[in-house]
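Letter by letter, the chains look like this.
There are 2 protein chains.
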Amino acid sequence: MRALVFNAAFDVTVEEVPDPEIQASTDAVVRVVATCVCGSDLWYYRGVSDRRPGSRIGHEFVGVVEAVGTDVGTVAVGDFVIAPFMYSDGTCPHCLHGVPSSCLHGGFWGTHGNDGGQGEFVRVPLADGTLVVVPGGRPDAALIPHLLALSDVCGTGHHAAVGAGVGPGMTVAVVGDGAVGLSGVLAARRLGAERIIALSRNPARQAVATEFGATDLVEARGPDAVGAVLELTGGVGADATLECVGTGEAMNTAFAIARPGSRVGFVGVPHEVVFPIGIAFDNNVGLGGGLAPVRAYLPELLADVLDGSIEPGRVFDLEVAFDDLPEGYAAMDQRLAIKAMARLA
Amino acid sequence: MRALVFNAAFDVTVEEVPDPEIQASTDAVVRVVATCVCGSDLWYYRGVSDRRPGSRIGHEFVGVVEAVGTDVGTVAVGDFVIAPFMYSDGTCPHCLHGVPSSCLHGGFWGTHGNDGGQGEFVRVPLADGTLVVVPGGRPDAALIPHLLALSDVCGTGHHAAVGAGVGPGMTVAVVGDGAVGLSGVLAARRLGAERIIALSRNPARQAVATEFGATDLVEARGPDAVGAVLELTGGVGADATLECVGTGEAMNTAFAIARPGSRVGFVGVPHEVVFPIGIAFDNNVGLGGGLAPVRAYLPELLADVLDGSIEPGRVFDLEVAFDDLPEGYAAMDQRLAIKAMARLA
Chain D
1 MRALVFNAAF DVTVEEVPDP EIQASTDAVV RVVATCVCGS DLWYYRGVSD RRPGSRIGHE
61 FVGVVEAVGT DVGTVAVGDF VIAPFMYSDG TCPHCLHGVP SSCLHGGFWG THGNDGGQGE
121 FVRVPLADGT LVVVPGGRPD AALIPHLLAL SDVCGTGHHA AVGAGVGPGM TVAVVGDGAV
181 GLSGVLAARR LGAERIIALS RNPARQAVAT EFGATDLVEA RGPDAVGAVL ELTGGVGADA
241 TLECVGTGEA MNTAFAIARP GSRVGFVGVP HEVVFPIGIA FDNNVGLGGG LAPVRAYLPE
301 LLADVLDGSI EPGRVFDLEV AFDDLPEGYA AMDQRLAIKA MARLA
Chain S
1 MRALVFNAAF DVTVEEVPDP EIQASTDAVV RVVATCVCGS DLWYYRGVSD RRPGSRIGHE
61 FVGVVEAVGT DVGTVAVGDF VIAPFMYSDG TCPHCLHGVP SSCLHGGFWG THGNDGGQGE
121 FVRVPLADGT LVVVPGGRPD AALIPHLLAL SDVCGTGHHA AVGAGVGPGM TVAVVGDGAV
181 GLSGVLAARR LGAERIIALS RNPARQAVAT EFGATDLVEA RGPDAVGAVL ELTGGVGADA
241 TLECVGTGEA MNTAFAIARP GSRVGFVGVP HEVVFPIGIA FDNNVGLGGG LAPVRAYLPE
301 LLADVLDGSI EPGRVFDLEV AFDDLPEGYA AMDQRLAIKA MARLA
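The listed protein sequences correspond, in order, to chains D and S. If you're matching positions, the first sequence starts at 1 in full-length UniProt numbering and goes up one per residue. If you're matching positions, the second sequence starts at 1 in full-length UniProt numbering and goes up one per residue.
Hints listed in this document are in silico derivations from the structure and should not be mistaken for laboratory results. These numbers come from a predicted model, not from an experiment. We treat Cβ as the ideally placed atom computed from N, Cα and C, and that holds for glycine. Please note: incorrect hints may appear among the correct ones.
If you only want the chain D side, here are some residues facing chain S, beta carbon under 10 Å, derived [said to hold, decoys possible]:
| hint | residue |
| --- | --- |
| 1 | A9 |
| 2 | F10 |
| 3 | V75 |
| 4 | L104 |
| 5 | V236 |
| 6 | P260 |
| 7 | G290 |
Short derived list, chain S residues pointing at chain D, Cβ under 10 Å [stated by the list, open to error]:
| hint | residue |
| --- | --- |
| 8 | A142 |
| 9 | M251 |
| 10 | V269 |
| 11 | I277 |
| 12 | N283 |
All chains should be modelled from the sequences, with the hints used to inform the complete structure.
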């Protein structure tokens with residue numbers, strides 16, 4: 001089969017790799033129908049974080065179950081499924097506490113002999129705990145992007161909002177206008193926020209933010225952004241703040257605009273973040289979030305996609321052929337696209 | 001009047017200072033009945049943090065109202081009152097959000113011309129927002145330590161427990177066996193924790209921890225303490241973790257023993273803490289707490305003291321004459337006492 005492979009910074013290619021097979025009785029093999037590129041993929045794409053040359057990549061996909069091991073009970077051949085960005089057993093103490101991202105037996109796609117999500121097929125370990133079946137068989141083509149977004153970005157934005165403690169009537173600020181930040185706007189609206197301040201300077205992203213529920217746009221960065229948000233909130237700060245970037249500047253901005261006694265929800269992989277512990281202490285601004293336990297949120301978010309309440313796939317503004325997915329990386333790296341997807345089957 | 005003054009590291013003395021007077025119509029003057037030394041006083045006492053020589057010190061006191069300004073409405077001359085460790089107006093946006101420690105018009109005792117709490121009298125700014133009246137007039141002498149503990153340490157331990165999200169049935173770990181850590185144990189029990197693991201190597205402190213509700217004692221520190229707590233929790237970690245020290249080692253220990261998806265409540269003034277953001281992200285361990293908004297908790301904690309449900313003053317294991325309060329500092333510095341108090345009137 002064909003799958004994307006990381007060679008070096010700014011160099012990912014489609015290569016022929018072995019077809020996956022059932023290895024354990026709890027495995028399934030999924031024929032990928034759609035996959036996409038994540039903002040977090042850019043860390044290694046840009047050479048900021050290390051990745052082994054030759055490793056398989058991608059961690060977001062939806063598809064059709066092709067085969068299941070003898071111990072798989074909740075998914076069957078022919079089911080249309082969503083895979084969260086990590087696999088997990090659903091039965092360990094951490095999964096039972098709602099944190100499948102810390103599953104004792106879970107792991108990441110594209111590591112330790114696991115297929116990446118950017119390929120024609122993926123062997124899925126712990127299929128019962130991992131995959132979520134979309135009822136009704138293969139969905140319309142128009143629904144696929146929204147289902148694919150549930151694989152990571154929608155649930156990650158939701159996790160930022162949950163981590164920040166978003167609730168009805170609140171004023172929420174969102175730092176970061178990538179696909180996760182935009183999904184955070186959507187999540188804040190879904191959780192009842194009354195006012196949503198999105199920090200964005202990019203017209204295309206501003207448009208999606210507004211469509212997702214942003215009521216105010218702040219085009220500044222750093223101290224100017226802090227001043228603008230404080231002015232919008234009468235000097236008080238935001239009731240909940242989503243940090244969806246992962247840089248030190250974004251974290252500092254988030255803590256500076258958070259109302260004393262509120263929380264910052266963070267979901268951006270932290271890179272060279274010097275945590276502003278002094279502000280956190282003085283202002284009683286808490287920190288929530290982390291590596292999003294997307295699997296735990298999938299059922300409730302899927303229900304909202306299926307009934308049309310949310311359209312999280314609006315973050316995809318570039319669709320390419322699978323063989324052109326490397327161009328999707330390049331477009332995202334250059335900020336020419338918010339998020340790129342490809343359909344395969 | 002006489003009041004404690006900071007001269008230099010390891011040098012605090014009782015000095016004659018001017019009697020306070022009403023300056024603003026919202027002031028009260030309180031005759032101090034009892035005051036005490038805080039673990040946070042040790043930071044400047046030991047020269048770890050800077051403090052202006054000649055400054056007044058102490059931020060915990062209870063007493064009787066001697067005079068009130070013309071605009072004071074909720075406290076009257078003769079009332080027995082508890083002062084939280086900061087003053088606040090009770091009406092600004094942050095006070096209304098339950099964070100009087102961020103009051104727009106509030107401040108600390110012993111700074112900017114304010115009296116310290118360790119003196120015979122204290123001028124209290126914003127008396128209506130700050131002071132809490134103990135109903136029934138002057139209480140029995142035996143009750144005074146428990147009321148004095150509400151000035152800071154009891155509410156601060158409670159804030160750590162709230163910040164950590166302690167709830168019924170949980171397994172809670174408490175890092176730090178100072179008066180705040182012990183108060184955190186008490187708070188965790190009060191909030192319904194089923195199992196409370198206290199990290200302490202000191203027999204006197206262990207005894208108070210056990211009396212306050214600790215079910216398990218861990219005598220190790222650092223990595224050994226982490227191993228012990230993980231072993232006690234079946235490898236899962238604590239459902240809620242209280243960090244009551246403020247050092248980097250304590251913060252790292254707290255995050256290492258926190259169950260994925262749980263929270264660390266911190267109330268120790270952070271000193272040279274390199275925040276473990278990687279663990280926080282990977283394990284979804286949140287951070288709550290900060291400078292305790294003690295005033296907000298006073299009514300509910302006072303009710304529990306008055307009905308005998310809690311006896312937070314058990315943290316005082318040294319009572320000295322007011323003139324001997326410098327010896328209280330020395331005893332706490334040398335860890336010969338958990339917490340020292342003095343009665344004045």
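>> For a quick check of understanding: which of the numbered hints are violated here, in increasing order?
In response: The structure conflicts with hints 1, 2, 3, 8, although it agrees with all the remaining ones.
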